[in-house]
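> Chain B: place on chain A using the hints.
Chains A and B are the protein sequences, given in the same order. In terms of the numbering used here, the first sequence opens at residue 1 and continues consecutively. In terms of the numbering used here, the second sequence opens at residue 1 and continues consecutively.
Check each hint, because a few of them may be wrong.
[To be verified] Calculated cross-link-like contacts (lysine-lysine; reagent style BS3-like; alpha-carbon spacing at most 27 Å):
#1 A:Lys44 to B:Lys110
#2 A:Lys117 to B:Lys142
#3 A:Lys117 to A:Lys58
#4 A:Lys117 to A:Lys44
#5 B:Lys142 to B:Lys79
#6 B:Lys129 to B:Lys79
Since the hints were made in silico from the structure, they are not lab data. Just so you know, these numbers come straight off a predicted model, no measurement behind them.
Residues per chain are reported as follows:
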Amino acid sequence: MEPIWIVLIILVVIAAGVVFIYNGLVQRRNVVDEAWNQISVQLKRRHDLIPNLVNAVKGYMDFEQETLTKVIEARGAAVSAQSAGPAGAAQSAQAENFLTGALRQLFALVENYPDLKANQNVLQLQEELTTTENQIGFARQHYNSTVRDFNTSIQTFPSVLIAGMFGFKERDYFQIEEADAVVPTVNLRDEPPQAAPPAAPSA
Amino acid sequence: MTASPAPTTFFREIARNRRNSWILIFVVAIVLAALGGAIGGATGYGWGGVVLALVVAFFMSIGSYFAGDQLVLISSGAKEIPQQQPPDQYRQLLNVVTEMSLASGLPMPKVYVINDTAPNAFATGRDPKHASVAVTSGLLEKMDREQLQGVIGHELSHVGNYDIRFSLLVGVLVGSIALLADWFLRFTFWGGGRRDSDNDRGGGGGAAAILFIVALVLAVIAPLIGRMVQLAVSRSRESLADVSAVELTRNPVGLARALRTIADDPEVLEVANRATQHLYIVNPIKSFETRSKSMWDTHPPISERIAVLRGLAGQFGQDPGHIG
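Bound conformation, chain A alone (with noise of 0.2 Å):
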């Protein structure tokens, strides 16, 4: 076979394999993005409920208005630090773990209601509560997975290569801070994280 017919096929196969490691790339890429927006939808999740949840309680805690408004207003928060998007994600991060907090602590006084406990609505909206906070976990679980197999693709040889020729950039892992790993036991008379980066809120 003339040289020439050898370089076209060796040109052919380094092609070949330049496009399977740039798709699969993009694959993964694709990948992480969607398991991203995933966490949003799931936290949107949540913040809806949360009204439902404060409207059957209402009626029967009447003692307990503050601590009901403080779930509200930490909700609020919620939302709009998570309207500032992937930006902002830190405080979101940080406001939905005071928010988790606060709805805790309204469970355990539903606790002291028995009407309450024993209400049919009050119970499926805790199981709905409970099965959103698994579900925002289990997201972000799944998108530090799908963020790890990108990176490991970026880093190995020979994709890395492809990665660097195309600007593959590694994704960072959904973290949560130290001091916000152990969700606060939240003593509803504080005030919920404002727009600014707050210090952890106090116990």
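Just chain B, lined up with the frame of chain A:
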């Protein structure tokens, strides 16, 4: 109680199980090739026999591939739960399946309930887009949320690991072995003998006779070896599903407690039989389960499965004592 094995990472466990199952497939393929070669040489049909057996076994499995899940669901009396407006009692079940679906990145499967007091569950479907998960009403009653999550995690892992497809692959190989051996034995004892004594084919009479004996021996033991390997593969994929469930839930104690509850439950799952036993999370045929380590089991013994989960518990800051 067995002592806990050394704490291990689930990634390593997962890799180990995958490797083992592929090694086993390789073994089956070798057995098939050896049998095919011996028979082909002895009868003079060459590789034609193996090819024919594979084709027949393949077509026998095709129905199972496309419609197997429906058959199993119907024969177990499973009723689908509508996901748009679920009845209140099944909301939690659907929520848990949704959670596991999110954690795995798999599409939401169809969810079924089987009306039986014995706690058990299975997953079926040729790929994640056509998957179904079924649980018994007994399981829903007897398990708490954490245990249910572990069980669903295990079942969805079967889907994500393409285990149904995997078992079909093994089934085709083992089925070919059985077919080939069967044909050869009939051929030998019911009219094939004359052909061979013609000595037209191959080398001298001595070599042909030896090959014939080898083929005969293989025809008898190969199906047994095939079946044993098939069961070993099944056990390996069950272990893989257990550890994959932990990758999803990050909660080994939950699944371990679920397995404990199922093992301790005296009820017998009435809709299960030998044909469907391998699909369930715990072998529903009680007499099989109470035997300790056996190579004829589709599932590893529960004590072993719990021990593996115990070993993983430390990784997640869990106290294995909660398993009971």
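> Next step is simple, just say for each hint if it's right about the structure.
How the hints compare with the structure:
1. A:Lys44 to B:Lys110: Distance of about 25 Å is within 27 Å: holds.
2. A:Lys117 to B:Lys142: 22 Å, holds
3. A:Lys117 to A:Lys58: Holds. Lys117 of chain A to Lys58 of chain A sits at ~13 Å (cutoff 27 Å).
4. A:Lys117 to A:Lys44: 26 Å, holds
5. B:Lys142 to B:Lys79: Roughly 19 Å separates the two Cα atoms, so the pair holds.
6. B:Lys129 to B:Lys79: 19 Å, holds
In this structure, every one of the numbered hints holds.
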